[in-house]
Amino acid sequence: MMMSDVYRNDALVIAGERIPSRLWLGTSLYPSPEIMRQSLQAAWPGFVTASARRQTARQSQDNGHWEFIEDWLHKSGSLLLPNTAGCHSAREAILMANMTRELFDTSWIKLEVIGDDYSLQPHPFELLEAARELVSQGFKVLPYCTEDLVLCEKLLEAGCPAVMPWGAPIGTGRGLQNIQGLKTLRQRLPQAVMVIDAGIGRPSQAMQAMEMGFDAVLLNTAVAKADDPVAMATAFSSAVNAGRLAWLAGMMAEREQASPSTPVPGLPFWHQFDASGETA
Amino acid sequence: MSLVCWINGEQRQLDLNDGASVRTVLEAEGYLQAGVVPRARIIVARNEQLVPQALWANEAVSSNDRIDVVGAVTGG
Numbered sequence: 001m002m003m004s005d006v007y008r009n010d011a012l013v014i015a016g017e018r019i020p021s022r023l024w025l026g027t028s029l030y031p032s033p034e035i036m037r038q039s040l041q042a043a044w045p046g047f048v049t050a051s052a053r054r055q056t057a058r059q060s061q062d063n064g065h066w067e068f069i070e071d072w073l074h075k076s077g078s079l080l081l082p083n084t085a086g087c088h089s090a091r092e093a094i095l096m097a098n099m100t101r102e103l104f105d106t107s108w109i110k111l112e113v114i115g116d117d118y119s120l121q122p123h124p125f126e127l128l129e130a131a132r133e134l135v136s137q138g139f140k141v142l143p144y145c146t147e148d149l150v151l152c153e154k155l156l157e158a159g160c161p162a163v164m165p166w167g168a169p170i171g172t173g174r175g176l177q178n179i180q181g182l183k184t185l186r187q188r189l190p191q192a193v194m195v196i197d198a199g200i201g202r203p204s205q206a207m208q209a210m211e212m213g214f215d216a217v218l219l220n221t222a223v224a225k226a227d228d229p230v231a232m233a234t235a236f237s238s239a240v241n242a243g244r245l246a247w248l249a250g251m252m253a254e255r256e257q258a259s260p261s262t263p264v265p266g267l268p269f270w271h272q273f274d275a276s277g278e279t280a
Numbered sequence: 001m002s003l004v005c006w007i008n009g010e011q012r013q014l015d016l017n018d019g020a021s022v023r024t025v026l027e028a029e030g031y032l033q034a035g036v037v038p039r040a041r042i043i044v045a046r047n048e049q050l051v052p053q054a055l056w057a058n059e060a061v062s063s064n065d066r067i068d069v070v071g072a073v074t075g076g
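So the protein sequences, as listed, match chains A and B.
So that you can map any letter, position 35 of the first sequence is 35 in our numbering, and since no number is skipped, the others follow by simple counting.
So that you can map any letter, position 42 of the second sequence is 42 in our numbering, and since no number is skipped, the others follow by simple counting.
Simulated from the structure, these hints should not be mistaken for laboratory data.
Built from N, CA and C at the ideal position, the CB exists for glycine as well.
Watch out, some of these pointers could steer you wrong.
[Said to hold, decoys possible] Pairwise CB distance ranges, derived in the manner of DEER restraints:
no., chain 1, residue 1, chain 2, residue 2, range
1, A, 179, B, 11, 48 to 58 Å
2, B, 66, A, 246, 18 to 28 Å
3, A, 136, B, 2, 39 to 49 Å
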């Protein structure tokens, strides 16, 4: 089988559903709905994230961003991934998830339960409690979590079809802060679908995550806050595809010593001159 | 005739009877027009319990009830 065939057949399937891309994109913080729409088109994301908030009557009837998102979903094949952003307890997150299911008519949920307002670090205990309950209610729960191995194992045991460890705190753009921990996670849970969510700031960091064998990346600020979000969305799309292909291709092992790539045998004047150019 | 309740965290005094339906409250607050299907999708919770749209016409709102009206927004 040709490598290109492997790549073409490399579908990402979560909870039995084929996800059309390994780049997932948030919809917040764009300069305008039109720039957001063009960025979605450039990235062509597998999932598009959205949320639910209290709205006045005027806000509910004049919601330009959402109309663009809805239009994109109808024509693109991207899936909608509502979140529970801002929730600090299992109880809040469960209620929010049920609201999003009613609002968006989907059982997918990006489960966020924040435990620390400064770092926006997930609350592991409330997260696990909420995940168990939501799975029992029929949700397809994609939890935003830390790279803690035991937490990820427990979330998977609870029935989450994937886990989404952070790269770095939300909105920081610092990339993969704990590379060794993430490598360990990938090695110890080789069958699990794992998505790097949050903290990605540059295409090279997304590519690094994909080269490490993570299944997808979810980001928002890195695209929305770029000088040119549409161009950055294109860059991330290329990086994610390149990283995935590199992972599938199998990268060479690092070596301590140099090794010439051009064959040595047959070199003219083999050892006939020393470094000064004198005849040896 | 007066119904005092909380809508999205703000206390409101509405010219409605205590026990008016969720739909009537939404119409009074401008979310819905009588007989018109809303253009934007919204969902409603009463006292932190989701009220499915099919029940809006029957679910009663009592004094001091907390009504949340929630719509779609961008998210990360």
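These are the hints, each one checked on the structure:
About 52 Å separates the C-beta atoms of residue 179(A) and residue 11(B), a value consistent with the hinted range of 48 to 58 Å. Distance hint for residue 66(B) and residue 246(A): a CB-CB separation of about 52 Å, inconsistent with the stated range 18 to 28 Å. The supplied range of 39 to 49 Å is met by residue 136(A) and residue 2(B), whose beta-carbon atoms lie about 42 Å from each other.
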